[in-house]
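The lines below spell out each chain.
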Amino acid sequence: MYGYLGIDVGSVSTNMVLTGEDGTIKHSIYLRTQGKPIEMVQQGLKHMQAALPGKLKVIGVGTTGSGRHLAGVITGADIIKNEITTHAIAASNVMPGVQTILEIGGQDSKIIILRNGVVSDFAMNTVCAAGTGSFLDQQAARLNIKIEEFGPLALQATVPVRIAGRCAVFAESDMIHKQQMGYNIPDILAGLCEALVRNYLNNVGKGKEILQPVVFQGGVAANAGMKAAFEKALGHPVHVPSHYDVMGALGAAMLAREATNRKSTGFRGFEVADRDFKAGGFACDGCPNVCEVVEIMESGQVIARWGDRCGRWSNALTQQARIS
Amino acid sequence: MKVVYPHMGLMWICIKAMLEYLNVDVIVPPPSSKKTLLLGVKHAPEFACMPLKLNLGNFMEAAELGADTIVMAGGCGPCRFGYYAHVEHAILRDLGYQYELVVLEPPQKHIGDLLDKIKQITGQQSWRRVINGIRFGYHKAEAVDKLERMANYCRPRETTAGATDRALQHALQEIINVAAPEGLPAALQRAVEIMDAIPVDIHRPVLRIGLVGEIYTLLEPFANQDIERKLGSMGVEVDRSIYLSEWVNEHLFLGLAKNTRSSKLVKQKAIKYLRHFVGGHGLETVGSTVFYAEQGYDGVIQLLPFTCMPEIVAQSILPRVSAELGIPAMTLIVDEQSGEAGLVTRLEAFVDLLARRKQTEEALA
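Protein sequence lines, in the order shown, are assigned to chains A and B.
Under our numbering, the residue at position 232 of the first sequence is numbered 232, and the numbers go up by one with no gaps.
With the second sequence counted from 1, adding 1000 to any position gets you our numbering.
Simulated from the structure, these hints should not be mistaken for laboratory data.
All C-beta atoms in this analysis are idealised placements derived from N, C-alpha and C, irrespective of residue type, glycine included.
Treat the hints loosely; a few may be bogus.
[Unchecked claim] Which stretches of chain A does chain B cover? Using the computed rule of at least three CB atoms under 8 Å from a CB of chain B, they are: (1) 5-11; (2) 73-79; (3) 113-119.
[Unchecked claim] Derived lysine to aspartate or glutamate pairs resembling DMTMM-like cross-links, with alpha carbons at most 20 Å apart: (4) B:1035 x A:285; (5) B:1035 x A:292; (6) B:1034 x A:121; (7) B:1358 x A:121; (8) A:206 x B:1324; (9) B:1035 x A:308; (10) B:1117 x B:1020; (11) B:1230 x A:292; (12) A:208 x B:1324.
Please take these sequences and the hints and turn them into a complete structure.
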């Protein structure tokens, strides 16, 4: 039995997916990154190994997300890919013919436009995190509502309250104001969802043509209130795939299958979960740029470096670990 | 008098050659770095664009090396750059620097004034020698542009990673070392041989991307986070819409040197979308995008410093150009940020988009 491993190391969550040779998901793992990407990758690998039948052999590994280079070095990935490409690959496999992908994660949100199965345009939020999962988390916590209850509650709304969605600070004070006026919680939550959707479509979706079918994925897609708000704003149905929260990892696994088509994998085995990895860093003194160079050490030996503009340190390593 | 001028990519090579040929003492500021930017950001108005901040940093670093006279180009709007020399001079004066300022205004409007300013810098040199000096600088610019073009061709095709960048440094050194016009052709010959010796795989399929946008961010690798090198290593052959010698020819020689790609052509290409001069290189950005689409390039990337008005005008027009001519275009705005992850993610995704698109097109053909 063979399988492909996909790893998505994001700012908020670290996800892993193992697919069979046919691309179906055998097992998936969702962990909070908690600012410790190396540990979480190792922990994920342990969970994954425990959940799989012993005879399964991993014949390809792909990594994605903002921690993709780190995860790639640790696991010996066959392909290291940006999250836009992996999300698009996964969505178009789950829903052939998809033309628009709305993706909202913990710290970023993006829109991907596909035409004829190929990415034709994309955009990511630039500086503002007002429309992302962290803000919803924060507001739910403030109202003392579990994030899992957020969606169902919002769906009970009868008259969604209008809330300013352009900036997280404005939105929060607006919400507090409305709450003190006596509006009920479901109406406020539904209003918040609508405000975030408005902000997303204006800020990230800026002028892009949103055609059906539309897929909504990323951690925030769990929130039924957000799905309903998107459907209301777009005027047509929005599809949330069953593995909406691990789509990046799924795409990475699919790309790993493509990348290992005619060659054997570089996967270093589940044993890396027990090895000693350390990330260190230093400021280079070669020129006034004072680049902050990151070093990944395995048992005291440097296995990868990056962060230098000129290549003085990253090119000094003879190993293959070149950063794409 | 020790003269300093701000950095803009490899421009320093040409101006240094010209001024030293005319026996002017030149101080080349240290290459723009995070320290330069830090100095600039600290003392410049927050809403100014990044070029102003880097210029300011360059002057402050050059002052430590003994520079006492600033030479800068001027301009007549709507781009704010025309005023930067004076603003920067005023800021430096407030900070206690004793700089003389010489602003070279564009010759269209102020030819007499320009000649006076040149005399002020070059002193008692004959006009004949001054002209030879300018010509020497211009020929160096042409040489540098030629080498950069060769590097952009080789980088995506090199068989050893980093070979192109190492060769380019050696080749540029040949050009830098030449002190008199007579030596330039032979030096260029040697430099070209160095570049020709880079082992390349000419059959490797590459993508072609045109870089358009604001001149400073296009020419200064520190400002654009080395975008040409990054794209090159991703297997992309890059062409810039502006090269130094072309710009000098257009703006300082009023197109006197023949056989260069002229901005007149590019402006004609823009007519369907934009009929006005909007300052800076806004018009050229639109026209060049049309030009690259017609030349069969796979995509276009627009670069601009945050708050750049002319490029914002162009940015709002590009989606229409892109849709009508079927060329994907992406806009990147640069500012103080030094984290590269965001830029690399966007570049990678854009390159993937172009590669997949090309695959499908080829499969259909």
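Evaluation of the provided hints:
1. 5-11: violated (count 0)
2. 73-79: With 0 residues closer than 8 Å to chain B, the region 73-79 of chain A misses the three-residue bar; violated.
3. 113-119: Since 4 is at least three, the answer is holds.
4. B:1035 x A:285: holds (12 Å)
5. B:1035 x A:292: With a Cα-Cα distance of about 13 Å, the restraint between residue 1035 (chain B) and residue 292 (chain A) holds, given a limit of 20 Å.
6. B:1034 x A:121: Given pair residue 1034 (chain B), residue 121 (chain A) is violated - Cα atoms ~32 Å apart, limit 20 Å.
7. B:1358 x A:121: holds (14 Å)
8. A:206 x B:1324: Cα-Cα ~18 Å, so holds.
9. B:1035 x A:308: holds (15 Å)
10. B:1117 x B:1020: holds (17 Å)
11. B:1230 x A:292: holds (18 Å)
12. A:208 x B:1324: holds (15 Å)
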